[in-house]
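Q: Using the sequences plus the hints, can you model the full thing?
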Amino acid sequence: MALYQLENFRVPEQLADMQALERDGICIFCPEHLTADEKHPVLHETEHWVVTNNKYPYVNTRLHLLLVPRAHVEDLLDLEPAARNEYWSVLEWIRDTYGLMFYSIGSRNGDFRYTGSSIAHVHVHVVVGDVDDPEHDGVRFKMSHRPES
Numbered sequence: 001m002a003l004y005q006l007e008n009f010r011v012p013e014q015l016a017d018m019q020a021l022e023r024d025g026i027c028i029f030c031p032e033h034l035t036a037d038e039k040h041p042v043l044h045e046t047e048h049w050v051v052t053n054n055k056y057p058y059v060n061t062r063l064h065l066l067l068v069p070r071a072h073v074e075d076l077l078d079l080e081p082a083a084r085n086e087y088w089s090v091l092e093w094i095r096d097t098y099g100l101m102f103y104s105i106g107s108r109n110g111d112f113r114y115t116g117s118s119i120a121h122v123h124v125h126v127v128v129g130d131v132d133d134p135e136h137d138g139v140r141f142k143m144s145h146r147p148e149s
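The opening residue of the sequence shown carries number 1 in the UniProt record's numbering; numbering runs sequentially from there.
Don't read these hints as lab results, they were simulated from the structure.
For glycine and all other residues, C-beta sits at the position ideal for the given N, C-alpha and C.
One should not assume that every hint holds.
Said to hold, decoys possible - Lysine-lysine pairs mimicking DSSO-like chemistry, simulated, CA-CA at most 30 Å apart:
#, residue 1, residue 2
1, K142, K39
2, K55, K39
3, K55, K142
To be verified - Derived CB-CB ranges, DEER-like:
#, residue 1, residue 2, range
4, S104, H33, 20 to 28 Å
5, E148, R62, 17 to 25 Å
6, E22, R95, 15 to 23 Å
A: Shown next, in the form of structure tokens:
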């Protein structure tokens with residue numbers, strides 16, 4: 001099965017990265033690859049999670065972080081109980097470290113061909129909209145996809 005849903009790219013550079021990673025069989029969110037990618041600096045690590053910037057942040061965001069579990073699963077509920085429990089302390093670290101007064105979280109779980117995700121490795125988006133921008137029009141988070149094939 002594919003690692004990337006190429007139809008769900010947002011910018012041309014992201015598609016090029018996804019195509020190269022798919023060709024090489026590399027899941028960029030697995031720890032051995034994520035921590036080696038200079039464009040995904042590791043901001044925080046725990047036993048079960050890595051926090052990094054989104055290399056391709058959504059439009060209208062001031063901050064767009066990813067919480068990536070070290071385990072390669074497609075559903076948060078498939079994580080070990082310890083990883084599920086640790087999620088909350090990692091989210092608290094983000095909120096406190098960045099002094100967030102507001103934020104949104106989003107995750108797509110299950111068969112990524114239908115969720116709108118671009119990668120099979122589940123991850124959680126932590127998004128702060130750029131509400132100080134007078135042109136701010138909200139952040140759009142794709143939550144489903146109907147594959148072409």
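Q: Going back to the hint list, which numbers does this structure go against?
A: Of the numbered hints, 5, 6 do not hold.
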